[in-house]
Amino acid sequence: MNTFFLRALAVSGLMSLTTACVTSTVDEMTFNEPTEGIGDSSVVILGRRHSSDYETEPDFVTCVGDHITSHDDSIRVIDELEFLNALYPWFEPRTAPLYPKNIEQLLQQKPVAEKMLALKLEYLIWLDGSTVRSDGAGSMACSFNGCFGFGTWSHDANYEATIWDFTDQAEVGQVNTSASGQSYMPAVIIPIPIIAPVQGAACDGIGDQLLEFLSSEY
Amino acid sequence: MTSVNRRRWLFALLMLVALAGCGPNRVIVDGNFPPPLIEPLPLTLGVWFGDDFARHEFFDGTKSRDESSWVVNTGAAQVQMWDGLLTGMFDQVIVLNDQPEAGRSSPAVAAVLIPHVEELQYAIPEHTQIKVYEIWMRYRFELVTIDGQPIAEWTMSSYGKTPTAFLQSDQEAVNLAAVMALRDAGANFSSHFTQFPAVQDWLREQGVPADTMTP
Numbered sequence: 062m063n064t065f066f067l068r069a070l071a072v073s074g075l076m077s078l079t080t081a082c083v084t085s086t087v088d089e090m091t092f093n094e095p096t097e098g099i100g101d102s103s104v105v106i107l108g109r110r111h112s113s114d115y116e117t118e119p120d121f122v123t124c125v126g127d128h129i130t131s132h133d134d135s136i137r138v139i140d141e142l143e144f145l146n147a148l149y150p151w152f153e154p155r156t157a158p159l160y161p162k163n164i165e166q167l168l169q170q171k172p173v174a175e176k177m178l179a180l181k182l183e184y185l186i187w188l189d190g191s192t193v194r195s196d197g198a199g200s201m202a203c204s205f206n207g208c209f210g211f212g213t214w215s216h217d218a219n220y221e222a223t224i225w226d227f228t229d230q231a232e233v234g235q236v237n238t239s240a241s242g243q244s245y246m247p248a249v250i251i252p253i254p255i256i257a258p259v260q261g262a263a264c265d266g267i268g269d270q271l272l273e274f275l276s277s278e279y
Numbered sequence: 026m027t028s029v030n031r032r033r034w035l036f037a038l039l040m041l042v043a044l045a046g047c048g049p050n051r052v053i054v055d056g057n058f059p060p061p062l063i064e065p066l067p068l069t070l071g072v073w074f075g076d077d078f079a080r081h082e083f084f085d086g087t088k089s090r091d092e093s094s095w096v097v098n099t100g101a102a103q104v105q106m107w108d109g110l111l112t113g114m115f116d117q118v119i120v121l122n123d124q125p126e127a128g129r130s131s132p133a134v135a136a137v138l139i140p141h142v143e144e145l146q147y148a149i150p151e152h153t154q155i156k157v158y159e160i161w162m163r164y165r166f167e168l169v170t171i172d173g174q175p176i177a178e179w180t181m182s183s184y185g186k187t188p189t190a191f192l193q194s195d196q197e198a199v200n201l202a203a204v205m206a207l208r209d210a211g212a213n214f215s216s217h218f219t220q221f222p223a224v225q226d227w228l229r230e231q232g233v234p235a236d237t238m239t240p
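Residue numbers (our numbering), protein chains in the order written: chain A, 62 to 279; chain B, 26 to 240.
Just so you know, these hints were derived from the structure itself, not from any lab.
Quantities reported herein were computed from a predicted structural model and do not represent experimental measurements.
A portion of the hints provided could be inaccurate.
Some residues of chain A that are not near chain B, with every Cβ distance over 12 Å (derived) [claimed, not checked]:
(1) ILE99
(2) GLU175
(3) PHE211
(4) SER241
(5) GLN243
In silico lysine to aspartate or glutamate, EDC-like type, Cα no more than 16 Å apart, as pairs [as the list claims (entries may be wrong)]:
(6) LYS181/A to GLU143/A
(7) LYS186/B to ASP114/A
(8) LYS156/B to GLU197/B
(9) LYS176/A to GLU64/B
Note that the Cβ used here is the ideal one computed from N, Cα and C, for glycine as well.
If we strip away everything but chain B, and leave its shape as in the complex, we get:
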């Protein structure tokens, strides 16, 4: 390689490094989500994670995504948490590759759960002047048959907060607040799932004994 070429490569490399430095701070939420300590329901459940859910992210709400100085990706952690939670709540869980729709009959599942993140709000120390990161999420769940017929639909909220004092960086604080919000979502869902009237009706139709339902 000639010295001119070497200089060109070096210049291109420096430009790449400089441009990479201009991008937003990205936090990919990462956490361990324990399986629920629950008697599993004797059913096979399908679950469909739509693209908007599996690639869920949020960023500075006052700017566009490209202008935001930070982006938090929660999608992978959402899928990880919900997959683990549902696997602990049901005898068998099948993650579907396609959305339930009219005419579909397989795989053989009692129902398909479709989670959506309807709304997400956050508070950071810049907004509140206190050293606490907070994340609040509102989920919407659809429980449908494999051919897309609605069984039940409900919303649920979750909340996570963490003080910065115990943490080393803002990224870690945001990550922990998101993990706490996901844990709270799992706790809320698993402790209330069998208490929704429409879900109770469906469980009775499936022949699930009443004493299997969470008190």
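Here chain A stands alone, though its shape is the one from the complex:
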């Protein structure tokens, strides 16, 4: 039994080093790219949350921001919650501008215009989409002796980034990414999750394209 248990552990350990495959596609359409980067201006990435049946995950927004700053630390990405609090109530789901032309109306308010100037905001990037889990199958039974069985499920991620030039009050680009992957969880005594990093692949895909737009080094 001891040998069997050790083998099971060894197999589990090896399997935990692997991850499931993810298929990812990225479409990009940008114009008026800054030729020498954005200088000392800043960027904010916000999740769209006005839809009733889904909302863009805050951790996905953070992931894209981190991806950009980790590859080019000269780009200042303002934290989403910090921006929402500083500009409250103008970027809440109910009040957030839906089109670039709404920026002009927003800037008519003196405190808002002053705050934007202080933040040196050059680009506002809206992220819209979500990652959903689907197609679950399999079964697993657990007892005091361990777990036995097999489970599988898939994740689909679809996100769209829309880039607004805050100074020109115009949309200057769109990046779409979709990713899907199948995750598995075999269990022989110990359940081993082999997770497809679907959201991570979508984050990298959209982050790379945004880097190409914003950074002078890419």
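Based on the hints, put chain B in the right spot on chain A.
This is chain B only, laid out in the frame that chain A set:
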């Protein structure tokens, strides 16, 4: 203390712990509500938070309060949010200790705002089978003079939702949905307050310039 007494104290303590475990799960809504980024109106506003508002709570609508397995207290968070919001919207805000009534003349305020939570609906994963907590509230506002004469009255809704996937517990999910609903209430109120015709008439009477009003 004798050993009999010690045993009695221990028994009483155990009973207290057991009884405390039988009570409903209580969520006291807690959040940070930022001040609004708005040009304040050049007025002194009074605000009266009635007991039903300041101690507002909701619980499982299918049961009585005592039978409900959970109670959500929103009153303190309501007062915190509205106090902060109004302080940012007006030059000065005075929280009144007594309700406006005939014969009162002080403190000197342009008007008194009285908020009420008229209705609250919620959806939890047990009801909807989806992992989203939702809270919808309908407020009623009375704007009256310090001696209780009505100036304006209107209703307003607010909505907050949060998926459980990002959160660690149901309590945190309920708290965040309530905080989102309160933030939405503040956003709705502050962006529409000066657009109600009766409020606009009152602001003109107070000599507030039209360009100070939110577009």
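| request: Would you list, in rising numerical order, the hints stated earlier that this structure does not obey? | output: Hint 2 contradicted; others consistent.
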